[in-house]
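Enquirer: Listed below, chain by chain, are the residues.
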Amino acid sequence: MGAAIGAGLAAIGAGIGIGRIGASAMEAIARQPEASGDIRSNMIVSAALIEGVAFFAVIICALVIFV
Amino acid sequence: MLTQIKRLIIFIALFFSFGALQAQHTPENEPANTESSHKKENGFNAGDFIIEHVSDAYDWHITSFGEKHITIPLPVILYSKHPELHEGKTFFVFLSSKFHHGHNNYKGFRISQSKENKGKIVEINTKGHEAGKPIDISITKTIAGVIISVIILLWLILSVARSSVKNKGKAPSGLQNLFEPVILFIRDEVAKPAIGEKKYEKFMPFLLTLFFFILLNNLMGLIPIPPFGANVTGNIAITMVLALFTFFITTINGNKHYWKEIYNPDVPWWLKYPIPLMPIVELSGVITKPFVLMVRLFANMLAGHMIVTVFVSLIFIFAGLFGAGVGLVASPVSVAFSVFILLLDVLVSFIQAYVFTLLSALYFGMATSDHH
Numbered sequence: 522m523g524a525a526i527g528a529g530l531a532a533i534g535a536g537i538g539i540g541r542i543g544a545s546a547m548e549a550i551a552r553q554p555e556a557s558g559d560i561r562s563n564m565i566v567s568a569a570l571i572e573g574v575a576f577f578a579v580i581i582c583a584l585v586i587f588v
Numbered sequence: 020m021l022t023q024i025k026r027l028i029i030f031i032a033l034f035f036s037f038g039a040l041q042a043q044h045t046p047e048n049e050p051a052n053t054e055s056s057h058k059k060e061n062g063f064n065a066g067d068f069i070i071e072h073v074s075d076a077y078d079w080h081i082t083s084f085g086e087k088h089i090t091i092p093l094p095v096i097l098y099s100k101h102p103e104l105h106e107g108k109t110f111f112v113f114l115s116s117k118f119h120h121g122h123n124n125y126k127g128f129r130i131s132q133s134k135e136n137k138g139k140i141v142e143i144n145t146k147g148h149e150a151g152k153p154i155d156i157s158i159t160k161t162i163a164g165v166i167i168s169v170i171i172l173l174w175l176i177l178s179v180a181r182s183s184v185k186n187k188g189k190a191p192s193g194l195q196n197l198f199e200p201v202i203l204f205i206r207d208e209v210a211k212p213a214i215g216e217k218k219y220e221k222f223m224p225f226l227l228t229l230f231f232f233i234l235l236n237n238l239m240g241l242i243p244i245p246p247f248g249a250n251v252t253g254n255i256a257i258t259m260v261l262a263l264f265t266f267f268i269t270t271i272n273g274n275k276h277y278w279k280e281i282y283n284p285d286v287p288w289w290l291k292y293p294i295p296l297m298p299i300v301e302l303s304g305v306i307t308k309p310f311v312l313m314v315r316l317f318a319n320m321l322a323g324h325m326i327v328t329v330f331v332s333l334i335f336i337f338a339g340l341f342g343a344g345v346g347l348v349a350s351p352v353s354v355a356f357s358v359f360i361l362l363l364d365v366l367v368s369f370i371q372a373y374v375f376t377l378l379s380a381l382y383f384g385m386a387t388s389d390h391h
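Chains as they are written, first to last, in the working numbering: chain V, 522 to 588; chain U, 20 to 391.
No lab work stands behind these hints: they were computed from the structure.
Any given hint might turn out to be false.
Said to hold, decoys possible - Here are some, though not all, of the chain V residues that point toward chain U, as calculated from beta-carbon distances under 7 angstroms: (1) 573; (2) 577; (3) 578; (4) 580; (5) 582.
Stated by the list, open to error - For each label pair, taking beta carbons as the anchor points, the in silico distance ranges come out as: (6) V:525 x U:298: 25 to 31 angstroms; (7) V:552 x U:354: 51 to 57 angstroms; (8) V:566 x U:98: 42 to 48 angstroms.
Think of the CB as a built atom: it goes at the ideal place given N, C-alpha and C, for glycine as much as any other residue.
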């Protein structure tokens, strides 16, 4: 049960984090459309890094169940 | 000449370290025993099906027709620690078909069903009890997947290299058109900004190998048709070895400035003495960074493959719960979801390969950076 709550909280964290990245990336593109290629690559890299942290939490929850 | 020998030794050592690390590590997902044991009567066991799809095995399961399984047996290579149980022999090589899917003993070995050793090969003593595990360096499904992907990778890259030599000065042709922009992208957008103009060339072979190896294995794990479909990068032993490569290269190439930043950073003195707070934090950073690389790639790939399998098995779950008609209706939805998640996973494969390579390049850059 605790593992399920943990995984849910991790999902919330990832959602909030990546949502904020996406929001600021959109704002930046709106301010300067020529830079949209650069902004897009940076956004994807940051999203991948934050998702890594969220997966960390999911792995710990899975370990709790199976170990 | 010396560098060639050194490279060959390192290559062989790392090639075998895959197998050894694979053998020592437990298959990551042990099935939820309580849940699956009373589902067995239903005929379709979603939990077991999914976990069997993404974890390692001693034979390559292709398909099943009801009770009849079609599998490709793989070689089992064992080094026994109790030769007295096996008529004095220590080294064994045989095909995993001798185990008959875990029902038979063979020469004193068995695939264990006990709680702690489930799925692994154990030695059987004269009374029939488990007497510990041998040193297991078998060619399992994951290792066979690695070998296949390495063969494909070598074939692709060597043919591109050959055609690029042949086309020297002319426009690229054929497969070269596909690989050259990617290689230039890694050189110009990943390696040069991260490591610097002067030192990036030393690391380019490793970064390129890393990128293409991870990308190819990620994509191959998504194709369900054999010889593809082995979940290589979703296996924590494989990603652990890749992260270890990055760690060793960073450590070996760390220059004086790098170690100074860790053990004696330019911070106020009371953070370093009497309790070396900053060095401890920095040291844990040195360990954590490759560890996070490992977990990120492993979790992304494992989760992606599991989700695709879950959506496909939704059809069978619905059919099992509500009858075949509902299963039929649910199929288009489930297939649509599966295709969507599959495409998302292709994107994630590219992104994860890129992020692993980018972060490795950044660590190399930090290790070899000059004082500014």
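Enquirer: Next step is simple, just say for each hint if it's right about the structure.
Expert: Checked hints:
1. Interface hint at residue 573 (chain V): satisfied, since its Cβ lies 3 angstroms from the closest Cβ of chain U, which is below the 7 angstroms cut-off.
2. Nearest Cβ of chain U to the Cβ of residue 577 (chain V): about 6 angstroms, under the 7 angstroms cut. The hint holds.
3. Taking 7 angstroms as the C-beta contact cut-off toward chain U, the hint placing residue 578 (chain V) at the interface is violated, the least distance being around 10 angstroms.
4. Restraint check, residue 580 (chain V) versus chain U: the minimum CB separation of about 5 angstroms is within 7 angstroms; hint holds.
5. Because the beta carbon of residue 582 (chain V) sits about 11 angstroms from the nearest beta carbon in chain U, more than 7 angstroms, this interface hint is broken.
6. Evaluation of the 25 to 31 angstroms hint for residue 525 (chain V) and residue 298 (chain U) yields a failure: the beta carbon distance comes to about 39 angstroms.
7. For residue 552 (chain V) and residue 354 (chain U), the hinted distance range of 51 to 57 angstroms is not satisfied, since their beta carbons lie about 42 angstroms from each other.
8. For residue 566 (chain V) and residue 98 (chain U), the hinted distance range of 42 to 48 angstroms is satisfied, since their beta carbons lie about 44 angstroms from each other.
In summary, the structure is inconsistent with hints 3, 5, 6 and 7 from the numbered list given earlier, while agreeing with the others.
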